[in-house]
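Peer 1: One-letter residues, chain by chain:
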Amino acid sequence: SQQGEEDPQALSIQEGENATMNCSYKTSINNLQWYRQNSGRGLVHLILIRSNEREKHSGRLRVTLDTSKKSSSLLITASRAADTASYFCATATNAGGTSYGKLTFGQGTILTVHP
Amino acid sequence: DTAVSQTPKYLVTQMGNDKSIKCEQNLGHDTMYWYKQDSKKFLKIMFSYNNKELIINETVPNRFSPKSPDKAHLNLHINSLELGDSAVYFCASSLGQGSLAYEQYFGPGTRLTVT
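Here the protein sequences come in this chain order: A and B.
If you number the first sequence the way our numbering does, the last residue is 129 and the count never jumps.
If you number the second sequence the way our numbering does, the last residue is 1125 and the count never jumps.
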């Protein structure tokens, strides 16, 4: 079953505005990761937040994690046309009782930033 | 230098054929993965290998057989291709024991079309 679900499915904003994407999940996690995928390309890792962290920043990105609500949000400030892409959250859990991890991805948010 | 590379980038073939996709990473990572991304962009893990040992096998049909000749390579062979196998297949790699601590690095993807 799908672990992460993202909201909204699509977001359209103007350059300079902030974009907020939300992710909810169902089971306990080790960490939560956000990835970006430009059209026709592979996924690129943006940020990893561990289950004992509440907030993390990287450049124009801010990620929050609320383990009590099983949710996370990704905020992109001062968006640019180049931020246009699909954004995925992925939850890291133990793989089948092993000490190895696996990622379960949400269906993503399609962000369009208009110049 | 490309960190995670896949060949071929595009693969068009007929039902019933057998095909292979190759993946190589030059990051020195211990863990490699295969993912399938469907037409709705849903990304699902198929297999994971750590240092040539199979770690994750996510209920994938037996027609799919991964092979890891060394820890830098993870190939995917698909027998008796079906229409439903049409998707984009991504290879990825990560340090250590995978996503419990580390992010994943993705290849550019192989778009498989079965006619």
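Incorrect hints may appear among the rest.
As the list claims (entries may be wrong) - Simulated coverage check for chain B against chain A, where a stretch passes if three residues somewhere in it have a Cβ under 8 angstroms from a Cβ of chain A:
#1 1076-1089
#2 1112-1123
Claimed, not checked - Beyond 12 angstroms from chain A on every Cβ pair, some chain B residues (computed):
#3 V1014
#4 P1018
#5 Q1024
#6 N1036
#7 N1072
#8 V1098
#9 G1106
Keep in mind that the hints were calculated from the coordinates and are not lab data.
Every residue, glycine too, gets a C-beta built ideally from N, C-alpha and C.
Peer 1: With reference to the structure, classify each hint as holding or not holding.
Peer 2: Hints versus structure:
| no. | hint | in the structure |
| --- | --- | --- |
| 1 | 1076-1089 | violated (count 0) |
| 2 | 1112-1123 | holds (count 8) |
| 3 | V1014 | 7 angstroms, violated |
| 4 | P1018 | 15 angstroms, holds |
| 5 | Q1024 | 24 angstroms, holds |
| 6 | N1036 | 15 angstroms, holds |
| 7 | N1072 | 18 angstroms, holds |
| 8 | V1098 | 9 angstroms, violated |
| 9 | G1106 | 9 angstroms, violated |
Comparing the model with each numbered hint stated earlier shows that hints 1, 3, 8, 9 do not hold.
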